[in-house]
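Enquirer: Residues per chain, in single letters:
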Amino acid sequence: MNRFNQLYAWLMLLPALVLLLAFTHIPALTTLWHSLFFPARGRNPSEFAGLENYRSMLDDAVFWQAFHNNLWYAIGTVPTSMALALAMALWVNSKISGRAALRLAYFTPTMLPMIAVANIWLFFYTPEIGLFNKILNSVGLTGINWLGDPNWALISLMLMTIWKESGFFMIFYLAALQSLNKDIYAAAAVENASPLYVFRRITLPLLMPTTLFVLVNAVLNAFKLVDHLFILTKGGPNNATNLLLYYIYENAFSFFDSNYAAALTLVLLILLILLAVVQFLLVERRIHYR
Amino acid sequence: MSQLEIRQLRKEWQETLAVKNISFEIAQGEFVALLGPSGCGKSTTLKMIAGLEHPSSGSISLNGQDITHLPPGKRGLAMVFQSYALFPHLSIAENIVFGLKARGVGALERDQRLKRVTDLVNLGDHLSKRPSQLSGGQCQRVALARAIIAEAPLCLMDEPLSNLDAKLRNEMRAELRALQQRLGMTVLYVTHDQVEAMSMADRILLLNQGEIAQCGTPNALYQTPASTFVARFIGNPPMNLINKGSFLLGIRPEHIHLATDGIAAEVIRCDYHGADTIIDISLPSLSHQTIKLRLPGHQLLAAGSALNINWRSQDQHVFCSTTGQRLSDYVLPTLTTHSLIQKEFHHDTQH
Ligand SMILES: Nc1ncnc2c1ncn2[C@@H]1O[C@H](COP(=O)(O)OP(=O)(O)OP(=O)(O)O)[C@@H](O)[C@H]1O
Ligand SMILES: [Mg+2]
Numbered sequence: 022m023n024r025f026n027q028l029y030a031w032l033m034l035l036p037a038l039v040l041l042l043a044f045t046h047i048p049a050l051t052t053l054w055h056s057l058f059f060p061a062r063g064r065n066p067s068e069f070a071g072l073e074n075y076r077s078m079l080d081d082a083v084f085w086q087a088f089h090n091n092l093w094y095a096i097g098t099v100p101t102s103m104a105l106a107l108a109m110a111l112w113v114n115s116k117i118s119g120r121a122a123l124r125l126a127y128f129t130p131t132m133l134p135m136i137a138v139a140n141i142w143l144f145f146y147t148p149e150i151g152l153f154n155k156i157l158n159s160v161g162l163t164g165i166n167w168l169g170d171p172n173w174a175l176i177s178l179m180l181m182t183i184w185k186e187s188g189f190f191m192i193f194y195l196a197a198l199q200s201l202n203k204d205i206y207a208a209a210a211v212e213n214a215s216p217l218y219v220f221r222r223i224t225l226p227l228l229m230p231t232t233l234f235v236l237v238n239a240v241l242n243a244f245k246l247v248d249h250l251f252i253l254t255k256g257g258p259n260n261a262t263n264l265l266l267y268y269i270y271e272n273a274f275s276f277f278d279s280n281y282a283a284a285l286t287l288v289l290l291i292l293l294i295l296l297a298v299v300q301f302l303l304v305e306r307r308i309h310y311r
Numbered sequence: 137m138s139q140l141e142i143r144q145l146r147k148e149w150q151e152t153l154a155v156k157n158i159s160f161e162i163a164q165g166e167f168v169a170l171l172g173p174s175g176c177g178k179s180t181t182l183k184m185i186a187g188l189e190h191p192s193s194g195s196i197s198l199n200g201q202d203i204t205h206l207p208p209g210k211r212g213l214a215m216v217f218q219s220y221a222l223f224p225h226l227s228i229a230e231n232i233v234f235g236l237k238a239r240g241v242g243a244l245e246r247d248q249r250l251k252r253v254t255d256l257v258n259l260g261d262h263l264s265k266r267p268s269q270l271s272g273g274q275c276q277r278v279a280l281a282r283a284i285i286a287e288a289p290l291c292l293m294d295e296p297l298s299n300l301d302a303k304l305r306n307e308m309r310a311e312l313r314a315l316q317q318r319l320g321m322t323v324l325y326v327t328h329d330q331v332e333a334m335s336m337a338d339r340i341l342l343l344n345q346g347e348i349a350q351c352g353t354p355n356a357l358y359q360t361p362a363s364t365f366v367a368r369f370i371g372n373p374p375m376n377l378i379n380k381g382s383f384l385l386g387i388r389p390e391h392i393h394l395a396t397d398g399i400a401a402e403v404i405r406c407d408y409h410g411a412d413t414i415i416d417i418s419l420p421s422l423s424h425q426t427i428k429l430r431l432p433g434h435q436l437l438a439a440g441s442a443l444n445i446n447w448r449s450q451d452q453h454v455f456c457s458t459t460g461q462r463l464s465d466y467v468l469p470t471l472t473t474h475s476l477i478q479k480e481f482h483h484d485t486q487h
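As given, the protein sequences belong to chains A and B, one line each in that order. Residue numbering for the first sequence follows our numbering, starting at 22 and increasing by one per position. Residue numbering for the second sequence follows our numbering, starting at 137 and increasing by one per position.
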């Protein structure tokens with residue numbers, strides 16, 4: 022009976038397992054294998070390179086720039102979009118009139134594909150006729166070359182990402198807020214706790230599981246989402262907005278060095294796994310699961 | 137001196153009228169039960185007193201101060217919730233002193249009061265645990281401790297024992313009452329369980345559809361119910377109401393006894409409850425109306441067997457058959473003579 026159950030369980034798992042193996046684990050392993058070779062030149066078969074691809078990565082200034090950019094990009098977008106998401110969730114969760122419309126408004130950026138968002142923001146950022154510069158000019162300030170100035174380009178990308186992501190994270194916070202027990206808040210009110218005290222001692226700790234979930238997703242997205250680069254900057258100017266995944270794409274499909282791209286991919290993968298593990302370990306300890 | 141004074145309190149939502157202009161008072165150290173069927177407005181009344189719901193009209197004052205429009209935290213009262221409303225992420229100790237911390241009471245005094253209260257409710261061993269690690273009864277004690285530690289002049293409780301099993305509920309009932317008397321707490325206690333109200337309260341406020349049906353000691357509600365609603369709500373099984381045309385004759389099942397020369401009755405069925413047996417009988421002389429009677433011990437009476445019943449005249453109640461109000465305590469000629477009463481009754485002016 023037990024053995025039959027086991028077999029049954031494995032059979033039920035088989036379809037998912039096959040798909041997961043075929044499209045995730047096996048490609049990961051071939052990527053690893055692929056990263057150990059030099060690219061094929063002409064008719065010669067590709068030569069075994071050992072760790073040569075990884076060594077050259079250490080000397081690759083563009084790689085390090087993309088790495089730095091990506092770190093700053095994550096640091097700049099993740100906390101801000103999460104804080105905004107929480108603030109918006111608290112706001113649309115309160116008893117205000119027209120909150121359904123407000124929720125929809127906040128959620129709209131999430132429904133748009135990244136490419137469409139980038140096109141909209143391209144209009145905002147355009148130097149001469151762009152919305153932002155028109156606003157700046159109207160109050161007597163000189164416009165900024167948002168996407169062309171290396172000092173501003175990455176910041177411009179961050180702004181757009183925050184705008185797009187916070188509405189998405191708001192939904193998770195909103196769902197979590199609505200599942201909290203109302204009586205707890207009544208009890209806190211009877212105990213004369215101020216709104217700030219209630220937020221700090223009750224709401225925030227009870228939202229920690231959601232915060233962890235959102236944090237992991239936000240960090241992953243900061244490394245995974247590069248669609249907007251194709252529209253806005255293509256990694257420029259002078260690699261000021263080059264991000265890791267975009268650099269991988271460039272290596273594979275612009276420079277046709279798929280072996281180096283494979284090595285980069287593996288590094289990115291390991292980086293993401295490390296980040297996720299660290300976040301879980303750090304935050305898990307402070308989380309109270311009901 | 138009355139401590140809590142409610143005047144013409146009213147609450148309506150768009151189409152529901154939950155509380156209809158009720159007024160009552162609670163004296164210092166009194167334990168008052170707010171009793172009534174589900175949906176009669178008990179919780180709404182309590183929430184308005186706590187400040188968690190705004191009254192549509194009326195006023196609330198505590199110790200002479202009008203608190204109708206104060207926020208909940210400024211009213212100086214404590215509350216125990218049906219769902220306990222414990223903070224799941226905080227330890228038991230943190231839960232209990234939450235209010236003291238929020239009010240800025242110093243650490244030293246906090247610890248002293250915590251120690252005193254946890255001794256009172258027997259929670260000493262659990263202070264560092266989380267609410268999820270405690271049983272329902274223990275959670276209830278934590279909620280109670282949180283209310284006691286505030287040392288508020290008035291403590292509100294909304295069905296605090298309804299999530300406990302029957303045995304634990306009995307224990308907690310006695311414990312809660314003892315604690316209230318020992319500390320001299322003033323308590324307004326919401327319940328839909330008449331046994332709870334009867335056994336714990338100094339006074340019962342019986343609510344029906346947002347109105348006070350009767351207010352008085354448990355004994356008064358049992359002995360002189362002001363209306364058929366009160367008569368049927370208090371007591372288990374409820375009072376029998378025998379329709380006699382212009383009036384209703386009420387008699388409690390436990391007040392009916394077997395007699396050799398009483399009214400003839402026919403057994404319909406018996407319900408054995410252990411200590412006593414509830415017997416449904418029909419009265420052929422009163423157009424076969426069925427009533428219940430309670431007899432001690434195990435009584436096995438076959439359906440259809442004939443009985444004779446009787447009761448003492450002071451145990452019967454008379455209600456108007458149209459309004460349901462109690463009629464003045466007129467001593468009826470005993471029913472055994474079958475002299476059907478034709479006399480007019482006037483409505484009781486005291487209720
Ligand atoms: N927020 C609300 N909006 C509209 N109607 C409400 C609201 N809260 C309560 N009511 C209505 O008011 C009436 C009284 O409700 P309340 O909760 O006071 O009943 P209760 O006596 O506490 O009942 P229970 O014993 O079931 O807890 C009910 O008819 C209920 O439907
Ligand atoms: Mg209720």
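It should be emphasised that the hints constitute simulated quantities derived from the structure, not laboratory data. Note that beta-carbon positions come from the ideal geometry of N, C-alpha and C, so glycine has one too. Just so you know, not all the hints are guaranteed correct.
Have a look at the derived ranges for each label pair, beta carbon to beta carbon [unchecked claim]:
id, chain 1, residue 1, chain 2, residue 2, range
1, A, 302, B, 287, 56 to 62 Å
2, A, 302, B, 260, 31 to 37 Å
3, B, 345, A, 26, 27 to 33 Å
4, B, 245, A, 34, 58 to 64 Å
5, B, 271, A, 75, 34 to 40 Å
6, B, 237, A, 117, 28 to 34 Å
7, B, 242, A, 116, 34 to 40 Å
Anything over 10 Å on all C-beta distances counts as not near chain B; from chain A, calculated [claimed, not checked]:
id, residue
8, 39
9, 205
10, 209
11, 211
12, 213
13, 218
14, 223
15, 227
16, 244
17, 297
Enquirer: Look at each hint and say if it fits the structure.
Expert: Hints, verified against the model:
1. Against the hinted window of 56 to 62 Å, the Cβ-Cβ separation of residue 302 of chain A and residue 287 of chain B comes to about 43 Å, which falls outside the hint.
2. For the hinted restraint 31 to 37 Å between residue 302 of chain A and residue 260 of chain B, the CB-CB distance of approximately 35 Å keeps it satisfied.
3. In this structure the hint that residue 345 of chain B and residue 26 of chain A lie 27 to 33 Å apart at CB is violated, the actual value being about 57 Å.
4. Between residue 245 of chain B and residue 34 of chain A the beta carbon distance is about 59 Å. The supplied range of 58 to 64 Å therefore holds.
5. A hinted range of 34 to 40 Å is violated for the C-beta pair residue 271 of chain B and residue 75 of chain A, which are about 58 Å apart.
6. Checked against the hint of 28 to 34 Å, the pair residue 237 of chain B and residue 117 of chain A passes, with Cβ atoms roughly 30 Å apart.
7. Judged by the Cβ atoms, the range 34 to 40 Å given for residue 242 of chain B and residue 116 of chain A holds: they are separated by roughly 35 Å.
8. Every CB of chain B lies more than 10 Å from the CB of residue 39 of chain A, the least distance being 40 Å, so the non-interface label holds.
9. Chain B draws residue 205 of chain A into its interface by the beta-carbon criterion, the shortest separation being 5 Å against a cut-off of 10 Å.
10. The claim that residue 209 of chain A is not at the interface with chain B is violated, since a C-beta of that chain comes within 10 Å of its own (minimum 7 Å).
11. Look at residue 211 of chain A: its CB is around 5 Å from the nearest CB on chain B, not clear of 10 Å, so calling it non-interface is violated.
12. The beta carbon of residue 213 of chain A is not kept farther than 10 Å from every beta carbon of chain B, the shortest such distance being approximately 3 Å.
13. At roughly 6 Å, the least C-beta separation between residue 218 of chain A and chain B is not larger than 10 Å, which violates its mark as non-interface.
14. Not every C-beta of chain B lies more than 10 Å from that of residue 223 of chain A, the closest at about 6 Å, which undercuts listing it as non-interface.
15. Once the 10 Å rule is applied to beta carbons, residue 227 of chain A is inconsistent with being away from chain B; the minimum gap is 6 Å.
16. Separation of residue 244 of chain A from chain B is adequate, the least Cβ-Cβ distance of about 31 Å exceeding the 10 Å criterion.
17. Distance check for residue 297 of chain A against chain B: the nearest CB is about 24 Å away, which clears 10 Å, and the non-interface claim stands.
In this structure, the hints that do not hold are numbers 1, 3, 5, 9, 10, 11, 12, 13, 14, 15, in rising order.
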